[in-house]
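S.K.: I would like the entire structure built from these sequences, with the hints used as guidance.
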Amino acid sequence: MLLIHCPYCEETLPEVEFTYAGEAHIARPENPAEMSDEDWQQFLFMRDNVKGDHFERWRHLHGCGRFFNAVRNTITDKFLTTYEAGAPRPDLAALKSSVSEGQK
Amino acid sequence: MTRFNAFTLLKNAVTGHKDWTEQWPDSQPKAEYDVVIVGAGGHGLGAAYYLATQHGITNIAVIDKGWLGGGNTGRNTTIIRSNYLYDESARLFDHSVDLWQNLSQELNYNVMYSNRGCLMLAHNVHDVQSFKRHVHANRLNGVDNRWLTPEECKEYCPPINIAKDARYPVMGGALQERAGTARHDAVAWGYARGAAARGVDIIQNCAVTAIRRNPDGSVAGVDTEKGFIKAGKVAVSASGHNTQVMATADVRLPLESMPLQALVSEPVKPIFPCVVMSNAVHAYCSQSDKGELVIGSGTDQYVSYSQRGGLPLIEHTVAAISEVFPIFNRMRMLRKWAGITDNTPDRSPIIGKTPVKNLYVNCGWGTGGFKATPGSAHVFAWTIAKDEPHPINAPFTLDRFRTGRLIDEAAAAAVAH
Numbered sequence: 001m002l003l004i005h006c007p008y009c010e011e012t013l014p015e016v017e018f019t020y021a022g023e024a025h026i027a028r029p030e031n032p033a034e035m036s037d038e039d040w041q042q043f044l045f046m047r048d049n050v051k052g053d054h055f056e057r058w059r060h061l062h063g064c065g066r067f068f069n070a071v072r073n074t075i076t077d078k079f080l081t082t083y084e085a086g087a088p089r090p091d092l093a094a095l096k097s098s099v100s101e102g103q104k
Numbered sequence: 105m106t107r108f109n110a111f112t113l114l115k116n117a118v119t120g121h122k123d124w125t126e127q128w129p130d131s132q133p134k135a136e137y138d139v140v141i142v143g144a145g146g147h148g149l150g151a152a153y154y155l156a157t158q159h160g161i162t163n164i165a166v167i168d169k170g171w172l173g174g175g176n177t178g179r180n181t182t183i184i185r186s187n188y189l190y191d192e193s194a195r196l197f198d199h200s201v202d203l204w205q206n207l208s209q210e211l212n213y214n215v216m217y218s219n220r221g222c223l224m225l226a227h228n229v230h231d232v233q234s235f236k237r238h239v240h241a242n243r244l245n246g247v248d249n250r251w252l253t254p255e256e257c258k259e260y261c262p263p264i265n266i267a268k269d270a271r272y273p274v275m276g277g278a279l280q281e282r283a284g285t286a287r288h289d290a291v292a293w294g295y296a297r298g299a300a301a302r303g304v305d306i307i308q309n310c311a312v313t314a315i316r317r318n319p320d321g322s323v324a325g326v327d328t329e330k331g332f333i334k335a336g337k338v339a340v341s342a343s344g345h346n347t348q349v350m351a352t353a354d355v356r357l358p359l360e361s362m363p364l365q366a367l368v369s370e371p372v373k374p375i376f377p378c379v380v381m382s383n384a385v386h387a388y389c390s391q392s393d394k395g396e397l398v399i400g401s402g403t404d405q406y407v408s409y410s411q412r413g414g415l416p417l418i419e420h421t422v423a424a425i426s427e428v429f430p431i432f433n434r435m436r437m438l439r440k441w442a443g444i445t446d447n448t449p450d451r452s453p454i455i456g457k458t459p460v461k462n463l464y465v466n467c468g469w470g471t472g473g474f475k476a477t478p479g480s481a482h483v484f485a486w487t488i489a490k491d492e493p494h495p496i497n498a499p500f501t502l503d504r505f506r507t508g509r510l511i512d513e514a515a516a517a518a519v520a521h
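Residue numbers (this note's numbering), protein chains in the order written: chain U, 1 to 104; chain Z, 105 to 521.
FYI, nobody ran anything at the bench for these hints, they're computed from the structure. Accuracy of the hints is not assured; some may be wrong.
Stated by the list, open to error - Here are the computed lysine to aspartate or glutamate pairs in the EDC-like style, where the Cα-Cα straight-line distance is at most 20 Å:
| hint | chain 1 | residue 1 | chain 2 | residue 2 |
| --- | --- | --- | --- | --- |
| 1 | Z | Lys490 | Z | Asp138 |
| 2 | U | Lys51 | Z | Asp354 |
| 3 | Z | Lys330 | Z | Asp138 |
| 4 | Z | Lys236 | Z | Glu210 |
| 5 | U | Lys51 | Z | Glu427 |
| 6 | Z | Lys457 | U | Glu38 |
| 7 | Z | Lys440 | U | Glu38 |
| 8 | Z | Lys258 | Z | Glu427 |
| 9 | Z | Lys440 | Z | Asp503 |
| 10 | U | Lys78 | U | Asp37 |
| 11 | U | Lys51 | U | Asp77 |
M.R.: Quick look at the structure:
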């Protein structure tokens with residue numbers, strides 16, 4: 001079972017408290033009326049489906065109820081970090097070195 | 105290729121079964137092929153078989169990063185059915201069920217297709233209404249499906265609990281009698297043997313690292329772990345890894361890869377005569393010829409390539425099985441595994457041409473690809489050979505995510521299927 005750290009509750013809790021909410025950092029279009037069908041296709045449906053370190057959204061459904069972002073490796077299923085929604089993408093290289101430091 | 109029949113069986117029995125010839129050679133890649141198919145699962149091998157038998161194209165390589173049939177073809181719960189709601193899906197899946205009927209004879213290989221029937225249980229008023237709608241829609245499309253009362257369900261499949269005081273009482277069920285199961289490995293092996301006998305090279309343990317393109321944008325071939333292979337056409341059916349393979353040709357796909365788990369129980373004597381699915385409590389179950397109960401449910405909720413999946417989902421699945429079949433609640437489970445399924449937003453597959461000339465894709469089968477193997481392979485071969493879709497797969501384009509003409513089986517089933 002995945003153990004997930006909620007950045008709002010600041011607790012690490014079992015996966016069953018959370019729901020997955022897809023790829024993170026997909027911004028809503030600022031001017032929907034100007035979007036072409038091609039743009040909508042990219043926004044609504046196309047996904048990177050990353051094999052490796054994946055930026056994704058989770059929701060602490062059976063807790064605080066809030067959405068947050070995470071970086072998880074989709075091969076090992078290990079979380080590198082979780083952070084509040086709206087925060088910028090964390091620097092992957094720095095994250096990886098701090099995670100490997102922590103494991104030593 | 106040695107044809108399998110009573111005479112050859114007898115002949116080989118006399119010599120202690122030591123003289124059987126290999127069913128397909130372990131080929132090494134040639135420098136050039138007319139068609140390269142990426143992914144040696146049932147869909148890819150089947151496409152090679154139909155290209156060779158129906159379209160006269162035999163200079164084909166089927167390349168896989170692992171062993172043939174080692175991906176989702178060998179990891180599913182072998183259920184075959186075609187009781188889909190929408191016209192497009194009904195045509196596609198029923199085409200497949202048609203081909204299943206005589207597949208063993210066609211391939212001279214026993215795929216153990218068994219039309220033991222698939223019963224979908226309704227547990228609430230909404231289920232009853234939507235399943236009856238399914239029954240009517242299916243019958244209008246010539247797909248067999250009929251409504252059973254709880255008592256008739258119990259008669260068809262005795263282990264079902266139809267007690268009125270159950271937490272999720274059985275209020276009836278939709279039965280497709282032509283549905284059933286088949287031996288999943290044998291499907292891959294049968295197509296592999298049939299294709300290899302007609303000159304198709306099956307190249308295993310050789311990952312395709314990139315699709316290479318000509319200066320004019322069309323496909324040039326594939327880079328593999330064993331070097332570059334030139335190809336007139338490239339067809340990709342790599343299930344969970346379609347995104348990665350197609351990205352090397354700059355084609356983005358609307359896919360998310362998620363683990364789909366399955367498990368089997370200890371083998372027991374025949375007790376379970378059909379396939380039963382329950383969407384409301386969410387699990388499905390059948391019994392293999394070895395005697396194991398074969399059990400599955402939905403995917404894990406997150407993108408993952410781990411081929412393991414999480415235990416909460418297994419707990420949910422066996423809880424559902426214990427609810428519908430209390431008789432099984434002390435049964436021991438032997439093993440569980442996962443396959444990586446590529447899911448589209450509308451839970452319907454994409455079979456057809458791509459924006460890249462001479463590049464074709466057959467993907468997005470999600471959790472329901474095994475049942476479609478023969479039909480999918482057949483129409484995919486047609487598409488590759490003629491450079492245009494067969495009427496059956498014409499609606500299943502990549503472009504539907506731009507035009508908005510989705511085939512929304514996700515909404516129709518409200519469940520992974």
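S.K.: Compare the structure with each hint and give your call.
M.R.: Outcome of the hint check:
1. For the given pair, lysine 490(Z) sits about 13 Å from aspartate 138(Z) by alpha-carbon distance, which is consistent with the 20 Å threshold.
2. For the hint pairing lysine 51(U) with aspartate 354(Z), the CA-to-CA distance comes to about 16 Å; that is within 20 Å, so the pair holds.
3. Between lysine 330(Z) and aspartate 138(Z) the CA atoms are separated by roughly 18 Å; this keeps the pair inside 20 Å, and the hint holds.
4. Distance check on the hinted pair: lysine 236(Z) and glutamate 210(Z) sit about 35 Å apart at the alpha-carbon level, beyond 20 Å; violated.
5. With a C-alpha separation of about 36 Å, the suggested pair lysine 51(U) and glutamate 427(Z) falls outside the 20 Å cut-off, and the hint is violated.
6. Taken as a hint, the lysine 457(Z) and glutamate 38(U) pair is honoured in the structure, with Cα atoms around 17 Å apart against an allowance of 20 Å.
7. At most 20 Å may separate the alpha-carbon atoms for a hinted pair to count; lysine 440(Z) and glutamate 38(U) exceed this at roughly 41 Å.
8. Using a Cα cut-off of 20 Å, the hinted pair lysine 258(Z) and glutamate 427(Z) holds, with the two alpha carbons roughly 15 Å apart.
9. For the hint pairing lysine 440(Z) with aspartate 503(Z), the CA-to-CA distance comes to about 37 Å; that exceeds 20 Å, so the pair is violated.
10. For the hint linking lysine 78(U) to aspartate 37(U), the alpha-carbon distance of about 36 Å lies beyond 20 Å, and the restraint is violated.
11. Proximity of lysine 51(U) to aspartate 77(U) is assessed by CA-CA distance (about 10 Å); at most 20 Å being required, the pair is judged to hold.
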